[in-house]
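2 protein chains.
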Amino acid sequence: MSLLVIGTVAFDAIETPFGKTDKIVGGSATFASLGASYFYDRIKIVAVVGDDFPQSEIQDLQKHNINTEGLQIKQGEKSFFWSGRYHNDMNSRDTLVTELNVLEAFDPIIPEAYQDCEYLMLGNLSPQVQQTVIKRLTKRPKLIVMDTMNFWMDIALDELLATIKLIDVLTINDAEARQLSGEFSLVKAARKILTMGPKYVIIKKGEHGALLFHEDKVFSAPALPLTEVFDPTGAGDTFAGGFIGYLAKVGTVNFDNMKNAIIFGSALASFCVEKFGSEKLRNLTQQEIATRIQEFIRLAKFEIELS
Amino acid sequence: MSLLVIGTVAFDAIETPFGKTDKIVGGSATFASLGASYFYDRIKIVAVVGDDFPQSEIQDLQKHNINTEGLQIKQGEKSFFWSGRYHNDMNSRDTLVTELNVLEAFDPIIPEAYQDCEYLMLGNLSPQVQQTVIKRLTKRPKLIVMDTMNFWMDIALDELLATIKLIDVLTINDAEARQLSGEFSLVKAARKILTMGPKYVIIKKGEHGALLFHEDKVFSAPALPLTEVFDPTGAGDTFAGGFIGYLAKVGTVNFDNMKNAIIFGSALASFCVEKFGSEKLRNLTQQEIATRIQEFIRLAKFEIELS
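These protein sequence lines map, in sequence, to chains A and B.
With UniProt numbering applied, the first sequence corresponds to residues 1 to 307, in that order.
With UniProt numbering applied, the second sequence corresponds to residues 1 to 307, in that order.
Simulated from the structure, these hints should not be mistaken for laboratory data.
A portion of the hints provided could be inaccurate.
Using 27 Å as the maximum straight-line C-alpha spacing, the simulated DSSO-like pairs for lysine-lysine come out as follows [claimed, not checked]:
| hint | chain 1 | residue 1 | chain 2 | residue 2 |
| --- | --- | --- | --- | --- |
| 1 | A | 205 | B | 188 |
| 2 | B | 217 | A | 275 |
| 3 | A | 217 | B | 249 |
| 4 | A | 301 | B | 259 |
| 5 | A | 192 | B | 275 |
| 6 | A | 188 | B | 249 |
| 7 | B | 192 | A | 275 |
| 8 | B | 192 | A | 205 |
| 9 | A | 217 | B | 142 |
| 10 | B | 301 | A | 199 |
| 11 | B | 217 | A | 301 |
| 12 | B | 78 | A | 301 |
| 13 | B | 301 | A | 249 |
| 14 | A | 188 | B | 275 |
| 15 | B | 20 | A | 301 |
| 16 | B | 259 | A | 259 |
| 17 | A | 275 | B | 20 |
| 18 | B | 205 | A | 192 |
| 19 | B | 192 | A | 301 |
| 20 | B | 142 | A | 301 |
| 21 | A | 259 | B | 205 |
| 22 | A | 217 | B | 205 |
| 23 | B | 301 | A | 192 |
| 24 | B | 301 | A | 259 |
| 25 | B | 275 | A | 301 |
| 26 | A | 142 | B | 301 |
| 27 | B | 217 | A | 205 |
| 28 | A | 188 | B | 205 |
| 29 | B | 259 | A | 205 |
| 30 | B | 249 | A | 301 |
| 31 | A | 301 | B | 23 |
| 32 | B | 20 | A | 205 |
| 33 | A | 205 | B | 135 |
| 34 | B | 217 | A | 259 |
| 35 | A | 217 | B | 259 |
| 36 | B | 301 | A | 188 |
| 37 | B | 188 | A | 20 |
Here chain B is said to cover these stretches of chain A; the calculated rule only asks that three of the stretch's residues, wherever they fall, bring their Cβ under 8 Å from a Cβ of chain B [claimed, not checked]:
| hint | stretch |
| --- | --- |
| 38 | 107 to 120 |
| 39 | 177 to 189 |
| 40 | 200 to 214 |
Using N, Cα and C, we set each Cβ at its ideal position, and we do this for glycine too.
Let the hints inform the model, and build the full structure from the sequences given.
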């Protein structure tokens, strides 16, 4: 039994109002698997990099109990590279460079040892590739979580809709939920998306927290009010990874466990944005995470006794 | 002992994507006192209207246990009138008409019987008038809550800052908190505002709920995810009224009671937006309110046991 994470392992170059980086390691699978690694220790990754990708970075993933047998290294090719600049509000960004490189012809090969996958995290990636992974698993996982973004709605909507049909949980931000559903009200948007396949929809609202929808139930999770968001890159992937990692650890998928999983995912995402890229996710302690969870509990708790 | 509400009692004409109204009764004191009336029954109002204001509307306030002795009726003058049009997102609006009329020379006279005021709600109004009310009270109320808006920051910042110094709780929306503090981060904005006088700051985030700041403590209150916002007019005033009305009922001002007061205020605001103007606030039952509070509890509750 394991948690399979697919997505990108890549280089990012990031500019924020606080500074800029050279090429640092990023990618949806990197953030998601690191996020999950704080709760679960049987994580397997499927992704692709070029021969420019440092061996030390692969070893670092392995140190986090992430099995990299499914990480393809393409000789003579370069890793996926993305460069972006965040605006002052940190909520919007411009893409400066996108070099697909190894991603252009990515064939997600599933090692035989990965067929024990019970939890599947489809990190942000082409919906076609996400779908291929589902089909190559001989046994349907107990839980399939998918993250996506507006980019795929713009250029591959049909494939996206076909993939969404096959999953259990869709994580998506508020603007994307509106785009995908054509509804402005997030309640209406979520209800519409729930008719497209997923049994659960999580709408990520950044500094405003997240909403979980399932049947006629809704859960509103707060975000930790932060003095400073240093770099939001990867926060959504980290959230999704922490979310599914917590569920894999608990082992039972239900609404109450998902609520807690959202809190744990949000806590990890709140660490992620404190430093550039995945730096902060490299060396967290369980004590730091527990302290932050306590902050979430204090932040949201109220006790009303109705007479 | 009583709760004194000052603000406007006025006519509004509203256009939303769902329809438009003729002149209907609105105003910050109307919404706030109606909101408070569901929790507290010794409410006194100070405001001004013209002789065009229907007697039946005054009687309706009285039926909600609102003492209207301090509601001045100016013969030969017209009531304050505001007209606005909401955009499709319901978060922004254009003001079409503002006729100050009786508000131009509003002198907030405090009837002698109002001097027992323990809770003071300074509804949205000129900060000069708000300040005059504070100064005319012979004994400082136990709690002064003030609501304001960007309009006063634009045209009367000095008076606004002078009034803010005298109060306990400021309620303000997120854009206004940013404008008043010059800080983008809401945490930094709130901390700065806490140095300006108030001991508590409530940042209203509309569909994203509200944040309460006090010393180093923060509380994040959810908003009820609504299928449809029919008309947001008065939601902030209703929130503030419900908030202070609940505190007046409980009788003890502390952080925990304020958290609950925010939930009760949010619940009333969630009713307010369901119909045009204050219509929905006219005939709520305690059972309806209790049912909605249960929805808030279910919406936000999670239980994490840290090992």
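| field | List of violated hint numbers, smallest to largest | value | 3, 6, 9, 12, 15, 17, 25, 31, 32, 33, 38
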